[in-house]
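A.B. asks: Throw the hints in and build the complete structure from the sequences for me.
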Amino acid sequence: MIKNIVITGANRGIGLAMCVHFKAQGDNVFALCRQSSVELEKLAVNIIEDIDVATDLGIANMVLALSHVDIDVLVCNAGILRDESLTELNLATIREQFEVNAIAPLRIVASLQSHLNEGAKIALITSRMGSISDNGSGGRYGYFSSLCIERIICRYFSLCYCIYKAT
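Sequential numbering from 51 applies to the sequence shown in the numbering used here.
You can take every hint at face value.
Below are the DSS-like pairs computed for lysine-lysine, each with C-alpha atoms no more than 25 Å apart in a straight line:
| # | residue 1 | residue 2 |
| --- | --- | --- |
| 1 | K53 | K171 |
| 2 | K92 | K73 |
| 3 | K92 | K53 |
| 4 | K73 | K53 |
| 5 | K171 | K73 |
No wet-lab data here; the hints were simulated from the structure.
C.D. replies: Written out as structure tokens, the structure is:
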């Protein structure tokens, strides 16, 4: 059965690799990004540009572009890493990381929940740096704390959506 897969941050890295994977399976891929890439263009997937998940306009563009799509898999992959140390904290970049890495997945799922098919899967992409117990690297305070919050949000999604219609 062909599935509708929605992936944010799809123009490079993990998001692009997921587009390749799902396209190879024959799924219908909706690749969301701020700006496409040559590699993404080669895949012949549904590319939806101008999706900045940290902005109201980006979320509105996403909802409009996907208004006709019944989603089977929603992958919240968009993320940013800014390097800061405790001695050189940059609150603007920390806030930016919170907006993209922690708040955006919450907004994306909330905005698209009415488009999730029964039994739809929601994936939030994070990293080991979001782990409290398994992160020995230190530094990058905005990045690790925003990913930690993303993991908490993911846990709450698993509780809420097991009760409702998606897992």
